[in-house]
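Chemist: Residue numbers (numbering that gives the first Met the number 0), protein chains in the order written: chain A, 0 to 636; chain B, 0 to 225; chain C, 0 to 249.
It is worth saying that the hints were derived from the structure and are not from the lab. All figures in this text were calculated on a predicted structure; none of them were measured in a lab. Take these hints with a grain of salt, some might be off.
Stated by the list, open to error - Lysine to aspartate or glutamate pairs mimicking EDC-like chemistry, simulated, CA-CA at most 16 Å apart:
id: 1; chain 1: A; residue 1: 296; chain 2: A; residue 2: 342
id: 2; chain 1: A; residue 1: 629; chain 2: A; residue 2: 599
id: 3; chain 1: C; residue 1: 49; chain 2: A; residue 2: 499
id: 4; chain 1: A; residue 1: 490; chain 2: C; residue 2: 52
id: 5; chain 1: C; residue 1: 21; chain 2: B; residue 2: 153
id: 6; chain 1: A; residue 1: 480; chain 2: A; residue 2: 214
id: 7; chain 1: B; residue 1: 85; chain 2: C; residue 2: 53
id: 8; chain 1: A; residue 1: 199; chain 2: A; residue 2: 462
id: 9; chain 1: B; residue 1: 86; chain 2: C; residue 2: 197
id: 10; chain 1: C; residue 1: 2; chain 2: A; residue 2: 274
id: 11; chain 1: C; residue 1: 136; chain 2: A; residue 2: 124
id: 12; chain 1: C; residue 1: 150; chain 2: A; residue 2: 136
id: 13; chain 1: A; residue 1: 297; chain 2: A; residue 2: 348
id: 14; chain 1: A; residue 1: 495; chain 2: C; residue 2: 41
id: 15; chain 1: A; residue 1: 382; chain 2: C; residue 2: 33
id: 16; chain 1: A; residue 1: 14; chain 2: A; residue 2: 109
id: 17; chain 1: C; residue 1: 50; chain 2: A; residue 2: 499
id: 18; chain 1: A; residue 1: 495; chain 2: C; residue 2: 212
id: 19; chain 1: C; residue 1: 82; chain 2: A; residue 2: 381
As the list claims (entries may be wrong) - From the structure, some residues in chain C lie toward chain B, with a derived Cβ separation under 10 Å:
id: 20; residue: 47
id: 21; residue: 51
id: 22; residue: 54
id: 23; residue: 72
id: 24; residue: 119
id: 25; residue: 175
What the hints assert, rightly or not - Where chain C lies over chain A, by a calculated footprint (3+ residues, C-beta under 8 Å):
id: 26; segment: 178-191
id: 27; segment: 226-235
id: 28; segment: 360-367
id: 29; segment: 587-601
Using N, Cα and C, we set each Cβ at its ideal position, and we do this for glycine too.
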Amino acid sequence: MKLDSKIPAGPLAEKWDKHKASIKLVNPNNKRKYTILVVGTGLAGASAAASLAELGYNVKTFCIQDSARRAHSIAAQGGINAAKNYPNDNDSIWRLFYDTIKGGDYRSREANVYRLAQVANNIIDQATAQGVPFAREYGGNLANRSFGGAQVSRTFYARGQTGQQLLLGAYSSLMRQVNSGMVEIFTRREMLDLVVENGKARGIIVRNLKTGAIERYAGHAVVLATGGYGTVFYLSTNAVNSNATAAWRSHKRGALYGNPSFTQIHPTCIPVSGDHQSKLTLMSESLRNDGRVWVSKKQGDKRKAADIPESERDYYLERKYPSFGNLVPRDVASRNAKEVCDEGRGAGETGLAVYLDFADSIKYFGENVIRERYGNLFDMYEKITGENPYKVPMRIYPAVHYTMGGLWVDYNLMSTIPGLYVAGEANFSDHGANRLGASALMQGLADGYFVLPFTIGDYLAGEKADELKTDGDSFNEAHSKVQTLNDKLLKLNGKKTVREYHRDLGKIMWDNVGMARSESGLKKAIEEIPKLREEFWQNVNVPGSSDNLNKSLEMAGRVADLFELGELMARDALQRSESCGGHFREESQTEEGEAKRDDENFSFVAAWEFKGENKTAEMHKEDLVFENVKLTQRSYK
Amino acid sequence: MQFTQVFGSTIGKKLLLGVTGLSWAGFAIGHLVGNLQLLYTDPTPFNKYAHFLTSLGGLLYFVESVLVLSLLLHFLYAIKVTLENKKARPDKYEVHRSAKGVSKRGFSTASMIYTGLLLFIFLIIHINNFKYGTFYTTMIDGKEVRDLYKTVYEYYSNPVNVFYYVAMMILLGTHLSHGFWSAFQSLGINGKRFTPFIYSAGTVVAVLLAVGFVFIPVYIYYMGGV
Amino acid sequence: MEKTLNLTLKIWRQKNATSPGKIVEYKVSDISTEMSFLEMLDVLNEDLTKKGEEPVEFDSDCREGICGTCGVVINGIPHGGYKATTVCQLHMRHFKNGETIVIEPWRARAFPIVKDLVVDRSAFDRIMASGGYISIKTGSAPDANAIPVPKENADIAMDMAACIGCGACVAACPNASASLFVGAKISQLSLLPQGKVEAARRAENMVAQMDKEIFGACTNIQECEAVCPKEISISAIARMRREYVKAAIK
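The following block holds chain A by itself, in its conformation from the complex (with noise of 0.2 Å):
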């Protein structure tokens, strides 16, 4: 299979446009005439909806959630990066694409990226427009503060909760158009199925959660903004709903997975505190800022922190990278954090954790400054481990966060299968082997509200406003497929429950394929993983019936699809033997023991094609060509 990445030629800050300015449109009185599916409502899937059906479509759309409000886009706390250049600190668009392609540690295509810059800046007017509340000054401006990899100030926020409010704002003209009649929304429906007609995307096959029914749904095309599948560790900063099989049972219809591997480890997260931990909290990684982050020099220390004396503390962060300190990047701070408490160094009962102390701080501003610039952080941490980090110390452990792989896309975020896009964190484009801060907002956005409406019409432009139909063979091999799928999970009535297959799973992930992989420990992973899932297949309890609401046979459904893409990630990591942005190889470092890139021969997107039930997967080549910008090596000693 030969990859077709359509990237348009001609210089790159004219690729978008020229693209534009060539791709076919629909007329406006045949738009309607053709139906669209969106598959998730978070910021990318929402974005579309709403912009597609302004432009006359039919649109439908359908999230596992009660309400398309809900999607956990809603969770980002920090804020989007846009090249507003509103302080006038030197920022543009170039520099938004050089910060995210080099964040990204050159794993990227630089097409991709660079309209992802360009187009940044029209979803701040678009959010402010629609009534998002950014932070502003005294003057009546947007107020912008700088983050994580980047030198200039191009953060938009709201608040703590700028994630929450680009969700409303985009929900918002999505629930506009329901009330036009162009939107129509199904809610708690699960999409459990694609159908493919004559190699084309015509469908969806879902199951209502509240009644249990599978139901068909046809369309001209469909959009897959279902997001990532960080839950395949079980614990993650992830909702406990998100999950990846949409994504992962259309890969199974035929679409490629690019670089399932690459994940980004959280540096700052509340530590596990027990077997019971359903999910991970994240805190904002600006509490590194003013926050000292150490373990004791001693291995198997129990002694309170207070209780460890100045000289037998270790700032290993501070003694290893001098001048970055506190401050080096997610994946090197991650990284980091795992030796140390894998050396038997780390902080309380668990030993899974590192402090994040602010005494220091506190002494030099006074409590009300950090107060003033932590204090819905402080009162967080509180309230879920009920310690006050005013008097001792946080403790901190990185967690899964966020995944930069997906579903392989084009240039216009179509899949390998035509008339299927995927946007959003659901597909792998944007952020190569790494994702900077106040990016996976921008990318959401960017391809829900400036992609996709462009880049769908210059497909449907070519396709027939054909009557759709739900009672083709396709649809009832699909319908079949969920049905019986369902039916053996129910039937098997086994000795476990689904969250101890998921939790086992979760295990064998992070201990393999977490922040630190070798080739024996990903072979491992390799081998487990399907004797877990054949055990689950055997021994899995799925309790109630599948004609009412039933999580735990939601659950079990997407549990059994992790096992597949856990696997899939386990080989992923294996054959790239680079290290590379969140994806660190032991055998692939310098001497210092940082990341070691290989960009002879792993400058490329690996795309994965699904070979059938039980067999492995092939990989496909698409080759990374940089010729604006130069590579090199990150150092951050």
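Following the hints, position chains B and C against chain A.
Modeler: For chains B and C alone, kept in the frame of chain A given last:
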């Protein structure tokens, strides 16, 4: 918007309740101030004042019709809102408690409809007792006028009547302790400084009116025979 | 303080919207005080599954207090009554060993029960669709700094916009009124110059839809604000009324 739409809405209904409630609260304040003249041992000032009011003619009728209309609207809409609110939660909680904090949920808020209904009945009896009560006459400045003072003193010489009045006026205070500030909130009059002020003012008004109206019959009962 | 708790749970079980429900008693033991309330329910559900019983259905998603999916009434108070805390962020250290906890779903005619503790809050979506937006097409927005917004207004708009749509306000209100939810959205948009253009239509339509869904009328009890996990002030409701009056006399 159509008139019917506005006053058919949950907001419109509360708007009406607020305006009509405030008009009666205003009346009650005036009524108390005027009636303080009952505390004089000399009946003349009070009777003069009563005569003055009844001789206002058209203006009196106007004010009376506004008050009657207000009362009827307040009565009807309060019943309507209460019944509709009950319908909004047909299935009751096994346990339903207040989270306290800023919440004002309590006896006063929960009893608005009951205190209101009792006060409505009270008002009818009250008007019947005095406005249409025993008609004594007396001479003031050479003119024959009604001696309402005597009617009042006679009525409050009976301890049952006094007790009933005291009870009713406590209900009035209870009703107003939520109703007064609530009316402003219903009218959308809210502000960082205004709202705490009007809430306290509501409590003060409720207490003063209750105390004032309780004081008069009690005073008359104990001092009236002197 | 104890590290683990043994608790008696009295939980509302109901098969679907039409069948009658009842309180069922369960025991859970060795509950770590580090658990969140929902993790405690997870433990119960694991137990029930292993015993071959159907787990208790409850809604939750982000489990960090922002998505608004979760929400149950704990001992009579939505989200349990701890300051600015959703039930997913409520931790078991607030409970005592041996305690009995009554857990019920949101109750309101406009929020029919789906199953057990799960309710249907789509009424909120329909209210939002009736006018909870600024009518701006993608691509037609002016530069974000073209219209200055006073910081004070932007800040209050943000206070109002913080609503997570969980429905605790309705659940707590003795009248099952949705005024805080609707008022917050109307307030947010009417405070911004971008939203003033259609303020009258918005107030009229959103209030009409709110009433159509059969939420009760607000009688200014302020219980909603007391349970709101985002501590949204009832000044939102007053502002909604002002906007409504403005629309009425227009």
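Chemist: Flag every earlier hint the structure violates by its number, smallest first.
Modeler: 5, 7, 9, 18, 20, 21, 22, 24, 27, 28 and 29
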